[in-house]
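Number of protein chains: 2
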Amino acid sequence: MPDTVPSFAPRGDKAAVEEGDRLAPKFDADGLITAVAVDARDGAVLMLAHMDAQALALTIETGFAHYYSRSRRRLWKKGEESGHVQKVVELSIDCDQDAVLMRVETAGPGAACHTGHRSCFFRSVPLGAPPSPELQLTVNDGGKLFDPSQVYAAAKKTDTPRF
Amino acid sequence: MPDTVPSFAPRGDKAAVEEGDRLAPKFDADGLITAVAVDARDGAVLMLAHMDAQALALTIETGFAHYYSRSRRRLWKKGEESGHVQKVVELSIDCDQDAVLMRVETAGPGAACHTGHRSCFFRSVPLGAPPSPELQLTVNDGGKLFDPSQVYAAAKKTDTPRF
Chain Z
1 MPDTVPSFAP
11 RGDKAAVEEG
21 DRLAPKFDAD
31 GLITAVAVDA
41 RDGAVLMLAH
51 MDAQALALTI
61 ETGFAHYYSR
71 SRRRLWKKGE
81 ESGHVQKVVE
91 LSIDCDQDAV
101 LMRVETAGPG
111 AACHTGHRSC
121 FFRSVPLGAP
131 PSPELQLTVN
141 DGGKLFDPSQ
151 VYAAAKKTDT
161 PRF
Chain B
1 MPDTVPSFAP
11 RGDKAAVEEG
21 DRLAPKFDAD
31 GLITAVAVDA
41 RDGAVLMLAH
51 MDAQALALTI
61 ETGFAHYYSR
71 SRRRLWKKGE
81 ESGHVQKVVE
91 LSIDCDQDAV
101 LMRVETAGPG
111 AACHTGHRSC
121 FFRSVPLGAP
131 PSPELQLTVN
141 DGGKLFDPSQ
151 VYAAAKKTDT
161 PRF
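Read top to bottom, the protein sequences are chains Z and B.
Just so we're aligned, residue 1 is where the first sequence starts under the UniProt record's numbering, counting upward by one.
Just so we're aligned, residue 1 is where the second sequence starts under the UniProt record's numbering, counting upward by one.
In case anyone wonders, no lab produced these hints; they're calculated from the structure.
In silico DSS-like pairs for lysine-lysine, Cα to Cα no more than 27 angstroms straight-line:
id	chain 1	residue 1	chain 2	residue 2
1	Z	Lys14	B	Lys144
2	B	Lys14	B	Lys26
3	B	Lys14	Z	Lys144
4	Z	Lys144	B	Lys26
5	B	Lys144	B	Lys77
6	Z	Lys26	B	Lys26
7	Z	Lys77	B	Lys26
8	Z	Lys26	B	Lys144
9	B	Lys77	Z	Lys14
10	Z	Lys87	Z	Lys77
Fair warning: this is a prediction, and the values are worked out from it, not measured in the lab.
Please construct the entire structure, taking both the sequences and the accompanying hints into account.
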């Protein structure tokens, strides 16, 4: 983990931020940007989480996805407990530089969601009528790829990506 | 536009939220959830933005993507100015229900970014070294699909999706 504060470019004007060639991320009031991980194999969206400056810097430096857990209020290397680390194949940033997109290869069964599903977005919402408390979600995948009670119960630490 | 406050299910416990079949979105302190739009043709991530309760409800009811613009502080139907509306083919919600994913068909040239690029994530970040102000982004697409000065200069309103 670096001892120094991560060093990005200054924000500059709108044109520089939106179309320039310097990385000048815009962290929000909580010091976070949004991060989306997609499967490098087929582009499927796996998960959405957040990064602080340190998590973004570590992701860029190490090539493994790091996030900031808002619930646990700490840096979080994806897979530190489950072993399902995410190797980043490509990292891109959006026009106003407040979100990053990562194409990742996931160690283990290829699932990103702590529920055991491949993607966190495993439930679809019916369209065409106003939402109501009765509106019923449908599961849009083939089921879980791992049993969370097995993977997280062990609570084992691993630093060895299983590629 | 509906006159009533959108009606979602109550949040319930962790299991109900994460694995249940009811839509119980978690809006943040600013009343927003995150929304990711991907191209229904090939799954490419196009953009990331935010929705308030009304934008989410209108998206579900009308089948066209609505967002909440944090900079303009108002409801925003994607394409209201450019004509590049997003017809939602599928909308899914993530495990903790604070983010939605939409597969969309985009009217016009098929671009989502106001810069003219297909995707807002058109610049990639080199990996393998700590970030620095000198780090250089590279453009990862084939260039712009439309000229923003032409599309937005007209500032024309259109309610007619061009499908």
